[in-house]
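Using the sequences plus the hints, can you model the full thing?
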Amino acid sequence: NAGVTQTPKFQVLKTGQSMTLQCAQDMNHEYMSWYRQDPGMGLRLIHYSVGAGITDQGEVPNGYNVSRSTTEDFPLRLLSAAPSQTSVYFCASSLEGARETQYFGPGTRLLVL
Amino acid sequence: SQKIEQNSEALNIQEGKTATLTCNYTNYSPAYLQWYRQDPGRGPVFLLLIRENEKEKRKERLKVTFDTTLKQSLFHITASQPADSATYLCALDKRGTDKLIFGTGTRLQVFP
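Respectively, the protein sequence lines represent chains F and L. At position 57 of the first sequence (counting the first as 1) the number is 57 in the working numbering, and the numbers step up by one without a gap. Position in the second sequence (from 1) plus 1000 gives the number in the working numbering.
One thing to keep in mind: the hints can contain errors.
[As the list claims (entries may be wrong)] Among chain L residues calculated to face chain F with C-beta under 10 Å, some are: (1) 1006; (2) 1027; (3) 1028; (4) 1071; (5) 1089; (6) 1105; (7) 1109; (8) 1111.
[What the hints assert, rightly or not] Reference listing, derived: stretches of chain L covered by chain F, where coverage requires no fewer than 3 residues with Cβ under 8 Å from a Cβ of chain F: (9) 1030-1044; (10) 1091-1104.
[Said to hold, decoys possible] Distance ranges between label pairs, derived from CB positions: (11) L/1011 to F/38: 42 to 48 Å; (12) L/1003 to F/62: 18 to 24 Å; (13) L/1001 to F/38: 15 to 21 Å; (14) L/1011 to F/16: 39 to 45 Å; (15) F/79 to L/1016: 50 to 56 Å; (16) L/1070 to F/53: 25 to 31 Å; (17) F/95 to L/1009: 31 to 37 Å; (18) F/8 to L/1027: 33 to 39 Å; (19) L/1039 to F/95: 23 to 29 Å; (20) L/1039 to F/5: 28 to 34 Å.
Hint data in this document are derived by calculation from the structure and do not stem from the laboratory. Virtual Cβ for every residue (Gly too), placed ideally from N, Cα, C.
Dropping the structure here:
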């Protein structure tokens, strides 16, 4: 099993550009989530999904969209990037929910100029 | 407001000693509390999970306690080694939701 994979590893964007951060898991996990990590702020929950076709907002959802058309994939979209979205983004998955072991991807480092 | 607090300052201890990290929370009533380890440039890795009806959980050199009255969890690493140097994150479920909320983490440095 590859576990949780994220692409790209690193991305530079200009303000106003859009992009999609990819996340995939091959463990047949129902629950997937996106976090951002900034110095001194810890991991902050952006969006999460409890299964295909179901998504919900986390604690810091503004500026981000998600969809979950398959169990395996959970992409995160930035529609119009802002410098405040410069961060490291982590995707995670678990078998059924937030009360279980979370498996994290390696992260995507995003720089918005 | 809701908060999860971990020591923001790094914890420096000597090899062989016991490291104790603290996680305090305010205005949450979690059913579960988890601890993760994160190395620089990598994603967090799960270590231990403890339920609200459990006082203590152990795994090899690791021990976690969960006091719902004090709203606190303690994470202990006994016989610490330089390889234990990392940032340790606590996380709790926001009851009534499917959200997992993380603390800011504590950096542990074990020196020989």
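Here is how each hint holds up against the structure:
Nearest Cβ of chain F to the Cβ of residue 1006 of chain L: about 8 Å, under the 10 Å cut. The hint holds. This hint is violated: residue 1027 of chain L has a C-beta 14 Å from the nearest C-beta of chain F, more than the 10 Å allowed. The beta carbon of residue 1028 of chain L is not positioned within 10 Å of any beta carbon in chain F (closest approach about 12 Å), and the interface hint is therefore violated. This hint is violated: residue 1071 of chain L has a C-beta 18 Å from the nearest C-beta of chain F, more than the 10 Å allowed.
The interface hint given for residue 1089 of chain L holds, since its Cβ lies 7 Å from the closest Cβ of chain F, which is under the 10 Å cut-off. Evaluation of the residue 1105 of chain L hint against chain F yields a held restraint, the C-beta minimum of about 6 Å falling below 10 Å. The beta carbon of residue 1109 of chain L is not positioned within 10 Å of any beta carbon in chain F (closest approach about 17 Å), and the interface hint is therefore violated. Taking 10 Å as the C-beta cut-off, the interface hint given for residue 1111 of chain L is violated, the closest approach to chain F being about 23 Å.
Using a Cβ-Cβ cut-off of 8 Å, 8 residues of the segment 1030-1044 of chain L lie near chain F, which meets the minimum of three, so the contact claim holds. Counting residues of the segment 1091-1104 of chain L whose CB lies closer than 8 Å to any CB of chain F gives 11, so the stated coverage by that chain holds, three being the minimum. Judged by the Cβ atoms, the range 42 to 48 Å given for residue 1011 of chain L and residue 38 of chain F is violated: they are separated by roughly 21 Å. Between residue 1003 of chain L and residue 62 of chain F, the C-beta spacing of about 21 Å keeps the proposed range 18 to 24 Å intact.
Separated by about 19 Å at the C-beta atoms, residue 1001 of chain L and residue 38 of chain F satisfy the suggested range of 15 to 21 Å. Restraint check, residue 1011 of chain L to residue 16 of chain F: a C-beta distance of roughly 42 Å satisfies the suggested window 39 to 45 Å. Checking the proposed 50 to 56 Å range against residue 79 of chain F and residue 1016 of chain L shows it holds: the Cβ atoms sit about 52 Å from each other. Taking 25 to 31 Å as the suggested C-beta distance range, the pair residue 1070 of chain L and residue 53 of chain F does not conform, at roughly 41 Å.
Remark: the range hint 31 to 37 Å for residue 95 of chain F to residue 1009 of chain L is upheld by a beta-carbon distance near 35 Å. Between residue 8 of chain F and residue 1027 of chain L the C-beta distance comes to about 38 Å, which sits within the given range of 33 to 39 Å. Between residue 1039 of chain L and residue 95 of chain F the CB atoms are about 24 Å apart, so this pair conforms to the stated range of 23 to 29 Å. For residue 1039 of chain L paired with residue 5 of chain F, a C-beta distance near 18 Å fails the hint of 28 to 34 Å.
The structure fails to meet hints 2, 3, 4, 7, 8, 11, 16 and 20 from the earlier list, while all remaining hints are met.
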